[in-house]
Every structure is written in C-alpha cells, then in structure tokens.
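There are 2 protein chains.
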Amino acid sequence: MAEFSPALMTDMYEYTMLDATLRDGTANRRCVFEIFTRHLPEGRRYGVVAGTGRILDALERFHLDDEDLRFLSDRGIVSRQTISWLENFRFSGSIRGYREGEMFFPNSPVLQVEGTFGECTLLETLLLSVLNYDCAVASAASRMATAANGRPCMDMGGRRTNEWAAVAAARAAVVGGFQGTANLLAAKMYGLKAIGTAAHCFTLVHDSERDAFVSQIDALGKNTTLLVDTYNIEEAVRTAVEVAGPELGGVRIDSGDLAALAQRVRNQLDALGATNTTITVTNDLDEYALASLQTAPVDSYGVGTRLVTGSGAPTCAMVYKLAEREGADGTMTPVAKKSKDKATVPGRKLAFRSYEYNLADCEHVIAGSEADLAAFRPEEGWKDLLVDFVDHGEIDSRYQGHDAIMAAHDYRAKALAELPITAQSLMRGEPVIPTETTVL
Amino acid sequence: MAEFSPALMTDMYEYTMLDATLRDGTANRRCVFEIFTRHLPEGRRYGVVAGTGRILDALERFHLDDEDLRFLSDRGIVSRQTISWLENFRFSGSIRGYREGEMFFPNSPVLQVEGTFGECTLLETLLLSVLNYDCAVASAASRMATAANGRPCMDMGGRRTNEWAAVAAARAAVVGGFQGTANLLAAKMYGLKAIGTAAHCFTLVHDSERDAFVSQIDALGKNTTLLVDTYNIEEAVRTAVEVAGPELGGVRIDSGDLAALAQRVRNQLDALGATNTTITVTNDLDEYALASLQTAPVDSYGVGTRLVTGSGAPTCAMVYKLAEREGADGTMTPVAKKSKDKATVPGRKLAFRSYEYNLADCEHVIAGSEADLAAFRPEEGWKDLLVDFVDHGEIDSRYQGHDAIMAAHDYRAKALAELPITAQSLMRGEPVIPTETTVL
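Listed in order, the protein sequences are those of chains E and F. Quick note on the numbering used here: the first sequence kicks off at 1031 and runs consecutively. Quick note on the numbering used here: the second sequence kicks off at 1031 and runs consecutively.
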C-alpha cells in the first residue's frame, strides 16, 4: 500500500482535459487552483481541516506505472503524446493552505495549488476526496471532543465505513480531538494509540461469562476492560470484580440507558471496592449523546457510526476551482466562472483571521492580482492562515507522519479556544465568525 | 494494491480476542456468525446487497506479512503463540449469503460465516466495513436508478468521499443500477464503463469558450459532451453547435434550474439542427431531483455527493453476531446475547422469500439447531436466498470480477421488479415486505 500510486483515483475527465490541453498548448499555462467550500453543513459553527498530511503522502506516490499507462492507452482515454508526458510525471508545483487542525469557514481557501494546468488538473479528484472526507470526520470529532468535555473519545467506527475510509477516519478523528482508535492499520501507519475491549461473541463462545472474563484477564492482565452487557449487567460486574479483584481496569457498557447504567455500575463497583475501575460506554454515540452524559460517571467514550459518517455531514462540499492562469501573453490573469449560484471570485487568495480581545472575529479572504497581493499588508494582529506544504515539488515533511498528526491535534484545541465560545455550542446556527472577501 | 493484505483493517480487539481464545482453546470452536441489520434507514422500503465480490477479493489477499506480525508483536497486542498461528493464516471456513443485487430487509442474514472462532473473529471488521458502505451506496443507487426511469445514471461522486471509498462506490453504484462511473481506478479494477465530460477550469484556462470547445473536439471528436454553463448557456450552446456542427454528441448543464434549462437548451439545439445532441445534467442530484426531472428533456444524469454518501444513509447498521458455536462437548449450540434492544436470535438461519401472484410478500428467516434446519422444508415457491460463496476456504470465483458485477446489476432489476410496486415509491414508509423470524 505504501507504494500504491493514487494516479488513477481520478475522474476520467482530468486525463481527457490533460490530453486536449497538451495538444493545444494550454496544459503548460501556469495556474492557481483553490479548494474551498461555499457553506458549512447546515447549522455548523466551524469546520476543522484534516487530510493535508495524507495528501502529501499521496503526492509522493503519485506516478503512473506501465499498467496504468496501458489502461489509459487501451481504453483510448489519452493519445500517445500524453502517454509520453505521463511516463515521467511528478508534480512539480507548489501547495499551500490551512494547516491540519485549523478551523475553516465558508470560502476559506483551505488549499491552494500552483503549477501548470496539466499537473494541477490531474490532482483535482484526489485532493477533493481526501479533504472532503477527512475534514468531515475531523469536524464531527471536534464537536464530540468538545461535548465530551475532557473525557477521552476513542474511534471505534471502522466497521461502519469503507475499510480504507476507516483508516483515514481514525487519523482525522485524532486531528479532531480524539485520543486513539480501534483500527490497527491506522495505528500502524500513523503511530496512533490503539485501544480495544472485547465483543459479545467473546463472551458467547465461552461456556460462561466467568470463563470469558478469566480468559481475557489471563491474556491481557487485570488492567483490561471487560464487556458487561451480554447477559445481566449487575451479575457481570459482580463476576468481573470477583475474577479480577478491585484492580480491574475497566468495564464497557454497550446498550440500554447509558447514563442510568453507568450510575448503577459505578455505585456497584465502588461498593465492591473497585473504585479505580473505569467505565467506558459505547452505542451509537454522537455529540448530543456525549453532552447529555456529562453528569454520568463515565470515564471514556467509544464512538463509531456517527464519527465516521461526519455526524450527519459525511462530506464537506469542498470544490477545486481555477482562480488565476497564465494568458497567451504570459501574464497571470484572474479568472472565474459565472454559473448560477456557483460563481467564483477571480484571483488567487490570501487568508487571515483577525481577533478582538484574543477571540477571532473575522475570516478575511483577500483576492487580487499577483502584484496587488504582493503589496497587500494585513492589519496588526491578523493571523496568516496559509502555510507552505510543497515548494516546486519539494514536500515539507514536517506536515507528514505521526508528529504532524499530534501537532494538529494540539493546534485544533488551541484554534478552537480562540473562537467565540458559541463555536462550542451544539445549537444550530451561523458560522461563528463571518468570512469577508475583499477583491483588491 | 492488488496484493495489499487487509489483515490489519481490523479493530484491535479481534486480535486480542484471538489471543485469549488461543490460550484457552475456544479459538478452535466451530462457529457460525451472521451479518444482518436490525432496521433499514428511516423510511426506506428495501436495501440492495453489494460488496460480496469485494469481500471475496479481500479474502484472497488476507494474510499477515512480516511487517504486520512485527507490529502486532512490538505493540504487545498478541503473544508469541498467536504470532505463530497468524504466520500461516488463511481463512479455511465457509461463507454463504445473499447474492449481490439481492434485496434485503431487517434481519435478513445477508452473510453467514462458518469456521473456527479464531478465523471468523479476524474477519469481522473487514466484512462489516465492506457491506456497510457498499450496501449503503447500492441501496441509494437503486432508488436513483428507479427515479431516473430508464435514463442512464452515471457515478461522478468520487471527489465527495474517501479516495478508496470512491472506487467501492463506483462498483456498488453499478450493482445498484448505474451504467458507469467517472472513476478510472474503478473502471480499471472492475472493467466498468468510464465516462466523462469536462470541467469549468477547462473552459477558463483557454482564452475563450470557443477555443476550449475547439480543443475538446479536436482531442475527443464531435461525439464528446461539452460543458455549457461556465458563462452564458445560450451563447455556449450556439458556439458548441457552430464548432462541432449538428453531430455534436452532447452538452452538460451543471447549475441553475435544471428542468427549465434542459427545456430551453433542447429547443435551442433542435432549432440549430442538433436534434441528436444529448443533454446531461449534474449538480447535487438525488432520487427526488431525478424524479422531478422526469418530464424534462434530459438524456442522462451524473450523480455525485448523494450517491457516495448513501443519500442520507451513509452506512447500513449491519452487525456481525455469533449465532451458534461448538460447546465443550463438541456439539453445536445456538447462542445469543441479551443486551437491551440489541438481543439476538440464537441459532444459524435459513432465509427464503415467498411470493403471491409473482410478487414477494414475506421474508422468512428460520432459526434453529443444525438438525432442525436440515429437516426444514420450505413451502412451494419460496426462493432460497442463501448461495455459497466460499466452501472450506475455496472461493467460488463466479462471484468475483466484472461479470459478477454485471450479473448483480441485472439481478437487482429483476429482484426489484418482484417486490410490490411500493418499493419503487420515494415516499417514506415501512419495509415493503415484512420479515418473519421463526425459531424451530
């Protein structure tokens, strides 16, 4: 997998457009494409950027092997000339954008891709796939982490989404504020904390619940978490403490009225002397359920379906639009489409966030010609939101791998704390700060 | 990718349960696990099975290489004994279930996995990931294909979901009734029809819309589809026919009031003599939009976001439950958990569909001991819904690859036609036939 090229994870028209523009010469025109969303999911106050590190990983692998080229040729998708061009393809352009863990709003230019039309076009589908899904998960995770109010949230959603999406979701969840994942491939690829308890089948395959608990403790030690709702929870808790003693690590409850059950189980554990035994709950949790469990004696949450499906917003409506391109005379020219309800703002963008009393009060998107933008001076205290990820094909490896994910995890907490507190509300409403677009 | 093993696309607890049961011997108990959903997404009348062929592909690749084993060992997830067991792991059990393209309902046993506890446990997460996502997409696709009422639907959603999910979605869309996909990797892996037009950036990178159209026709021929809504649609259509002549293949509209625009464009094309030029529309379509476009002169649909996110139901809530296992005395024993609202029915299941006047009237799920099920005789005319996919580790290759997908595509149309016509309604309601579970 580490070597698999994402070059064909692409809509066919990217290749046919490349082919046509190589014929007429426009493939070589320098271009600036931008990724943004026109709106947040309904009622959401902010979004969280995730996936950029995965984009950089994918870029490293993005080349076409003989089999890919043969497919494009056999299907007649591109001409022989284009096959030659593709043989040595490597992205040689530059990419900047919002860092992972950064907040985004409508029209925030979360990624900016600069290069020739040909090379930028080939990346469109892949970049959007990664950002649309990863940002959806990170944005949901962030709301959940906020609602959990300091209690650790763990990703257990792999089974409820595509098997590769599961890996991306685990990573995005950590960017969005989660502590770990049940998904082993994600743990391996990204060095994430792996967590797990046991399933009901583990209890059922044994002749008794006691046998199952004894077996789990023999294998994993007393610090393990036992699943106690296969039959009768009260009996299971009693058996669990009998088997493990009061050093039992934890119990998991996966059904029923979680608040009431956590309270009963806590009292029972305490009465049995297992005062340090933790309680994990799972069962179709989302940010609203987590908020409602704040007063229940729960120690950690396992979140599945609603995390990996973006809690009602499984994609982000990010689009990839040409903002500026070289003209026939060699000068860069802002361009825009005029499609009804989908018109774009011409010109490359700068992006800043301004603050009042240490709280963000506006997202500033500044569009203009290269010369105008070069001369633009932001006001004092504005945060420049764009960082450089790729410089003429050179990837900045600081934004890849485990450390980048943990840095993004920390950054998201800080950036969220700098938004007005309404951002942490689960009430539906407008984005917590406005986006002001200025055309110079 | 073709060689990448999905063995770690798995929740950690599958491996720790394996480890514990290898220690105590229960890993070798023969088991029957079943996959089903307790309910369809709210208001849905039926679901469509998809993903089984992908499961068979994944099973062929499911083994642990040295790097996987080192990870499990270094992280202390399993013991040395388990590492040895995993070194030569190949699934040697049997799998049966609903064929791809078959309709499913609450409690339909869409997949049944039989083998030792150890080997069946390792597959849980992967099987659920595949079925939960692929069935969600196929079920949405089926509603869209029905609403399109014979007009071809094409998958253009890859950019709105995870990049690998996009490949699975393209395949599931075809199972669910779609004709093709924009996704090249899906087209390559599964031999699907690849389709494409052009993006707005293609028009914008050229000095004029006319230049762009000339370029596209030079490269792709007059039978191509030109995107006509970058600036002014009426002008674009006039230019398109001027450039290509009345043999122009098609035009695409991606914004605005699609019905009204299609009507205007159809009249304009006809007036220009381009009576065979087709009209494709795209722009956040779903089954409701398609139904509302029935009277508009549209020839084909490109569907994106709503397809790959299951049109409001991005996952299927499929679960994997132990139904029967070998006891200490070697006999197979039905088992079930009693968790509140999540109790299961003990025993392996048979599944049949009964018909009245050639229309399905009931899904029959029959549970019991091996002996009882062996003696069970369905009534005359009941369709046996379970087919054999894997027999003691031997995969039936008829359910893999391109031909299986096209067979599923055809099967889905036939199976849907055998349901009461309410299944084709977009009105929210109950599953179109009831599921009756009988415990022998």
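Think of the hints as simulated: they come from the structure by calculation, not from any bench. Note that this is a predicted model, so its numbers are computed, not measured. Hints should not be assumed to be uniformly reliable.
Only pairs whose alpha carbons sit at most 20 Å apart, straight line, appear in this in silico DMTMM-like list of lysine to aspartate or glutamate [what the hints assert, rightly or not]:
#1 F:Lys1370 - E:Asp1314
#2 E:Lys1218 - F:Glu1097
#3 E:Lys1444 - E:Asp1433
#4 F:Lys1413 - F:Glu1424
#5 E:Lys1223 - E:Asp1104
#6 E:Lys1218 - E:Glu1033
#7 E:Lys1368 - F:Asp1314
#8 F:Lys1223 - F:Asp1329
#9 E:Lys1223 - F:Asp1433
#10 F:Lys1252 - F:Glu1272
#11 E:Lys1372 - E:Asp1359
#12 E:Lys1368 - F:Asp1287
#13 F:Lys1218 - E:Asp1316
#14 F:Lys1218 - E:Asp1314
Hint-by-hint comparison with the structure:
1. F:Lys1370 - E:Asp1314: With Cα atoms ~14 Å apart, Lys1370 of chain F and Asp1314 of chain E stay inside 20 Å; holds.
2. E:Lys1218 - F:Glu1097: holds, 10 Å
3. E:Lys1444 - E:Asp1433: OK: Lys1444 of chain E and Asp1433 of chain E at ~17 Å, within 20 Å.
4. F:Lys1413 - F:Glu1424: Status violated; Cα separation ~25 Å.
5. E:Lys1223 - E:Asp1104: violated, 45 Å
6. E:Lys1218 - E:Glu1033: holds, 16 Å
7. E:Lys1368 - F:Asp1314: Within the cut-off at roughly 18 Å; holds.
8. F:Lys1223 - F:Asp1329: Holds, because 17 Å separates the two Cα atoms, which is no more than 20 Å.
9. E:Lys1223 - F:Asp1433: violated, 42 Å
10. F:Lys1252 - F:Glu1272: At roughly 11 Å apart (the allowed maximum being 20 Å), Glu1272 of chain F and Lys1252 of chain F satisfy the hint.
11. E:Lys1372 - E:Asp1359: Answer violated: Lys1372 of chain E to Asp1359 of chain E is near 28 Å, above 20 Å.
12. E:Lys1368 - F:Asp1287: holds, 15 Å
13. F:Lys1218 - E:Asp1316: Cα-Cα ~38 Å, so violated.
14. F:Lys1218 - E:Asp1314: With a Cα-Cα distance of about 37 Å, the restraint between Lys1218 of chain F and Asp1314 of chain E is violated, given a limit of 20 Å.
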